[in-house]
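Quick note, the sequences are listed as chains A and B, same order.
For the first sequence, my numbering assigns the number 1 to the initial residue and increments by one for each residue that follows.
For the second sequence, my numbering assigns the number 124 to the initial residue and increments by one for each residue that follows.
Accuracy of the hints is not assured; some may be wrong.
Calculated pairs, DSSO-like style, for lysine-lysine (alpha carbon to alpha carbon, straight line, at most 27 Å) [what the hints assert, rightly or not]:
no. : chain 1 : residue 1 : chain 2 : residue 2
1   : A       : Lys42     : B       : Lys197
2   : B       : Lys201    : B       : Lys168
3   : B       : Lys168    : A       : Lys44
In short, the hints are calculated from the structure, not lab data.
If you're wondering where the values come from, they're calculated on a predicted model, not measured in any experiment.
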Amino acid sequence: MVAQGIPEIGAYIGFLFVSTVALVIVLRLFITPKDPRPTPEKKKPFESGQIAVGPGRTRFIIQYYPYLLMFVVYDVIAMFLFAWGLNLRALGAPGSVPVLVFIVVLLIPLGYALHLANHRENW
Amino acid sequence: MASVLGPLQPIVDMVTSPLFLQIVLFPGLTSIAIIGALLGWLERKLTARVQLRVGPLYASPAGGILQMFADLIKLAFKELFVPENSDAFFFIMAPTTGLVLGAALVGLIPFAPGLQIANIEVGLPAFLAIITLSPTLILLAGWSANSKFPFIGGLRALFQQTAYEIPLWLSALGVIMMAGTLNLAQIVAAQSTGWFIIPQALGAFIFLVTSVAEMERLPFDLPEAESEIMMGWQAEYTGVLFLAAQGPGFVKLYAFSALFSVMYLGGFLGPGFLPPLFWMLLKTLIIIVLIMLLRSTFPRVRLDQLLRAGWTTLLTLAILNIGITYLLVVGLPTL
Numbered sequence: 001m002v003a004q005g006i007p008e009i010g011a012y013i014g015f016l017f018v019s020t021v022a023l024v025i026v027l028r029l030f031i032t033p034k035d036p037r038p039t040p041e042k043k044k045p046f047e048s049g050q051i052a053v054g055p056g057r058t059r060f061i062i063q064y065y066p067y068l069l070m071f072v073v074y075d076v077i078a079m080f081l082f083a084w085g086l087n088l089r090a091l092g093a094p095g096s097v098p099v100l101v102f103i104v105v106l107l108i109p110l111g112y113a114l115h116l117a118n119h120r121e122n123w
Numbered sequence: 124m125a126s127v128l129g130p131l132q133p134i135v136d137m138v139t140s141p142l143f144l145q146i147v148l149f150p151g152l153t154s155i156a157i158i159g160a161l162l163g164w165l166e167r168k169l170t171a172r173v174q175l176r177v178g179p180l181y182a183s184p185a186g187g188i189l190q191m192f193a194d195l196i197k198l199a200f201k202e203l204f205v206p207e208n209s210d211a212f213f214f215i216m217a218p219t220t221g222l223v224l225g226a227a228l229v230g231l232i233p234f235a236p237g238l239q240i241a242n243i244e245v246g247l248p249a250f251l252a253i254i255t256l257s258p259t260l261i262l263l264a265g266w267s268a269n270s271k272f273p274f275i276g277g278l279r280a281l282f283q284q285t286a287y288e289i290p291l292w293l294s295a296l297g298v299i300m301m302a303g304t305l306n307l308a309q310i311v312a313a314q315s316t317g318w319f320i321i322p323q324a325l326g327a328f329i330f331l332v333t334s335v336a337e338m339e340r341l342p343f344d345l346p347e348a349e350s351e352i353m354m355g356w357q358a359e360y361t362g363v364l365f366l367a368a369q370g371p372g373f374v375k376l377y378a379f380s381a382l383f384s385v386m387y388l389g390g391f392l393g394p395g396f397l398p399p400l401f402w403m404l405l406k407t408l409i410i411i412v413l414i415m416l417l418r419s420t421f422p423r424v425r426l427d428q429l430l431r432a433g434w435t436t437l438l439t440l441a442i443l444n445i446g447i448t449y450l451l452v453v454g455l456p457t458l
């Protein structure tokens with residue numbers, strides 16, 4: 001292992017590069033020089049040059065909330081299909097019938113939920 | 124083994140081991156940092172060419188190729204401060220963790236036979252599961268800044284995720300049905316008879332669109348839309364933290380393009396007169412240039428357009444793709 005000259009040097013250069021970048025980032029995070037003339041405006045949140053008004057954490061956008069609810073349900077359901085897709089060649093057509101019924105049964109409430117969600121957008 | 128270095132021998136052995144070299148050099152951290160910076164240059168230069176500008180020019184003898192390294196040094200020495208009333212811990216940790224997540228993605232990609240940091244059995248779901256965390260980090264970064272533009276950007280990342288996530292997973296399911304494995308190296312091996320881009324053309328299209336949305340690049344860069352919400356969740360970041368917030372974008376571009384070529388373009392497979400690594404990097408570069416040209420061609424979509432298109436058009440096409448793949452693998456039902 002020691003005889004391989006070039007990979008060793010390459011590894012050292014790579015290691016030095018990575019650790020230098022990491023060191024610079026860590027040093028810059030913790031050894032930041034004090035601002036000689038701090039102004040109160042400097043640490044204010046950015047609002048296009050205006051004076052910041054009110055709390056920064058504003059309200060959620062409620063009109064897309066139905067999509068979040070659908071996502072919580074259907075993202076998990078999409079995972080179930082991976083077990084089927086992985087073993088599709090072994091299962092063949094007979095083993096796939098329950099999964100195909102499962103997909104069709106899930107698509108009907110999805111269509112209705114989308115119908116409702118698209119109407120809620122008109123709030 | 125006779126040691127000539129004495130107590131330093133275990134350290135030297137570790138440093139010269141192939142896995143350590145892969146982690147540190149290629150495809151690991153050093154190459155990720157250099158490729159990320161070069162991709163930043165390529166994107167600026169290519170966008171400039173499309174828009175009949177010149178782009179970066181001065182920072183090197185050849186076409187400003189060192190521009191991003193100069194920017195990197197400049198950003199590393201800017202003053203760093205945390206805005207008042209913000210949650211400093213999450214404000215600093217969110218972009219830093221995002222950097223780690225981006226590097227973790229590259230570690231799962233097989234660049235050549237054996238040239239893969241983590242050859243795990245569930246490579247494809249692991250990749251998609253790691254990438255799922257990034258909108259959460261963006262929301263955390265936006266929330267912790269206690270400022271309005273970052274918070275709006277974080278919320279947009281949250282809602283955008285609901286639009287693309289399910290079509291992304293379902294389009295990847297088509298490849299899994301064809302290959303019968305979740306291991307990325309075995310997915311490449313399964314394409315030795317033919318690339319999956321031909322039977323999976325629809326799935327590849329959906330995967331490309333949803334991965335551009337996942338990377339938050341134009342036309343889907345709603346969380347950082349600089350012309351409407353002033354860089355969105357990155358608005359309050361300065362110096363090194365801005366670098367840490369910007370960097371994962373290019374690393375994710377690299378990782379997703381590599382994943383696309385692994386899943387659909389046969390990965391490192393290619394004519395034998397050049398090494399497998401060359402074909403892998405060539406295919407990755409082609410996908411990267413394609414995604415960059417998308418950026419300079421299309422206008423930004425609206426959030427409600429994206430949500431509606433993701434939940435209706437993309438989801439319908441993804442389910443159609445699963446049906447087509449089922450017929451390709453199992454065959455027509457015999458009645």
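- Between lysine 201(B) and lysine 168(B), does the CA-CA distance stay at or below 27 Å? It holds: about 25 Å lies between the C-alpha atoms, which stays within 27 Å.
- Task: For the pair we were handed, lysine 168(B) and lysine 44(A), check the Cα-Cα distance against 27 Å.
- Result: violated (35 Å)
- Taking 27 Å as the top limit, are the C-alpha atoms of lysine 42(A) and lysine 197(B) close enough? holds (20 Å)
Going down the numbered hints, you'll see the structure goes against just number 3.
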